[in-house]
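Colleague: Sequence:
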Amino acid sequence: MIFNRIIDRFQLKFKDREAAGNILGESLENLINKKERKNSLVLGIPRGGVIIGWTIANKLSCDFGIIIPRKLHAPNNQELAIGALMEDGTTYLNETLVKELDISPEYIKKEKLDQLEEIRRRTQLYSGKTFNWNQNDLSGKTVILGDDGAATGATLIVAARYIKTNKNPRKLIIAIPISPKGTINALKNEDIDQIEVITSGFK
15 MIFNRIIDRF
25 QLKFKDREAA
35 GNILGESLEN
45 LINKKERKNS
55 LVLGIPRGGV
65 IIGWTIANKL
75 SCDFGIIIPR
85 KLHAPNNQEL
95 AIGALMEDGT
105 TYLNETLVKE
115 LDISPEYIKK
125 EKLDQLEEIR
135 RRTQLYSGKT
145 FNWNQNDLSG
155 KTVILGDDGA
165 ATGATLIVAA
175 RYIKTNKNPR
185 KLIIAIPISP
195 KGTINALKNE
205 DIDQIEVITS
215 GFK
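Heads up: the sequence shown runs through residues 15 to 217, numbered per the numbering used here.
I should point out that these hints are in silico values taken from the structure, not numbers from a laboratory. All of these numbers come straight from a predicted model, not from anything done at the bench. Careful, some of the hints might be misleading.
Calculated pairs, DMTMM-like style, for lysine to aspartate or glutamate (alpha carbon to alpha carbon, straight line, at most 20 Å) [as the list claims (entries may be wrong)]:
hint: 1; residue 1: K178; residue 2: E101
hint: 2; residue 1: K49; residue 2: D205
hint: 3; residue 1: K113; residue 2: E101
hint: 4; residue 1: K126; residue 2: D151
hint: 5; residue 1: K73; residue 2: E32
hint: 6; residue 1: K126; residue 2: D162
hint: 7; residue 1: K181; residue 2: E43
hint: 8; residue 1: K181; residue 2: D162
hint: 9; residue 1: K126; residue 2: E101
hint: 10; residue 1: K113; residue 2: D77
hint: 11; residue 1: K185; residue 2: D77
hint: 12; residue 1: K181; residue 2: E101
hint: 13; residue 1: K124; residue 2: E93
hint: 14; residue 1: K181; residue 2: D205
hint: 15; residue 1: K124; residue 2: D102
hint: 16; residue 1: K49; residue 2: E32
hint: 17; residue 1: K185; residue 2: E32
hint: 18; residue 1: K126; residue 2: E109
hint: 19; residue 1: K126; residue 2: D116
hint: 20; residue 1: K178; residue 2: E32
hint: 21; residue 1: K178; residue 2: D151
hint: 22; residue 1: K48; residue 2: E204
hint: 23; residue 1: K123; residue 2: E93
hint: 24; residue 1: K181; residue 2: E50
hint: 25; residue 1: K178; residue 2: E131
hint: 26; residue 1: K195; residue 2: D151
hint: 27; residue 1: K185; residue 2: E204
Turn these sequences into a full structure, and let the hints guide you.
Modeller: Rendered as structure tokens:
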């Protein structure tokens with residue numbers, strides 16, 4: 015069952031990512047029992063999602079790791095995501111946006127190659143750190159995917175698809191401090207068990 019829960023009483027009262035992670039962690043404490051937490055893993059998306067995820071993991075006393083999706087950028091606009099991809103090539107494209115901007119398949123192919131190279135670079139950067147996780151050991155686990163927000167939801171969507179398709183988790187939860195309502199609705203279309211949001215503070 016896919017659903018979301020907006021924690022209205024905390025609306026916009028977090029001062030930084032750590033505070034937001036603590037609020038999300040407190041909320042998840044009420045939803046994930048102690049036995050389930052022992053078989054849970056929090057994954058943070060760099061950069062801001064690492065602080066969110068690390069804080070949630072500490073709050074729940076469960077394992078933490080980093081997952082590295084990359085946005086696919088629109089031509090001449092590095093701030094606009096037309097999609098995202100994972101290290102194995104798992105891809106999400108906002109087909110409506112691609113069509114509106116008349117983006118060619120050739121551009122998308124090159125952008126994917128560029129971002130795959132960046133994923134490899136970042137994977138090497140993070141390798142050997144204490145928060146590494148075994149990508150082959152998610153089967154049957156509760157996985158909490160944390161980020162510091164979701165403007166378009168592209169990286170969360172592609173990471174969720176990657177995890178659900180390849181890793182066979184028992185449950186997948188997305189935990190974010192803020193998101194537009196439209197993005198929450200887009201996430202609901204994915205195979206996600208729960209979406210935990212402090213506030214849907216954007217119109």
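Colleague: Hints first: check each against the structure and report whether it holds.
Modeller: Tested hints:
no., hint, in the structure
1, K178 / E101, "holds (15 Å)"
2, K49 / D205, "violated (24 Å)"
3, K113 / E101, "violated (25 Å)"
4, K126 / D151, "violated (27 Å)"
5, K73 / E32, "holds (11 Å)"
6, K126 / D162, "violated (24 Å)"
7, K181 / E43, "violated (24 Å)"
8, K181 / D162, "violated (23 Å)"
9, K126 / E101, "holds (10 Å)"
10, K113 / D77, "violated (41 Å)"
11, K185 / D77, "holds (15 Å)"
12, K181 / E101, "holds (14 Å)"
13, K124 / E93, "holds (17 Å)"
14, K181 / D205, "holds (13 Å)"
15, K124 / D102, "holds (16 Å)"
16, K49 / E32, "violated (25 Å)"
17, K185 / E32, "violated (24 Å)"
18, K126 / E109, "holds (15 Å)"
19, K126 / D116, "holds (17 Å)"
20, K178 / E32, "violated (27 Å)"
21, K178 / D151, "holds (13 Å)"
22, K48 / E204, "violated (27 Å)"
23, K123 / E93, "holds (19 Å)"
24, K181 / E50, "holds (18 Å)"
25, K178 / E131, "violated (23 Å)"
26, K195 / D151, "violated (33 Å)"
27, K185 / E204, "holds (13 Å)"
Consistency note: the structure conflicts with the earlier hints numbered 2, 3, 4, 6, 7, 8, 10, 16, 17, 20, 22, 25, 26.
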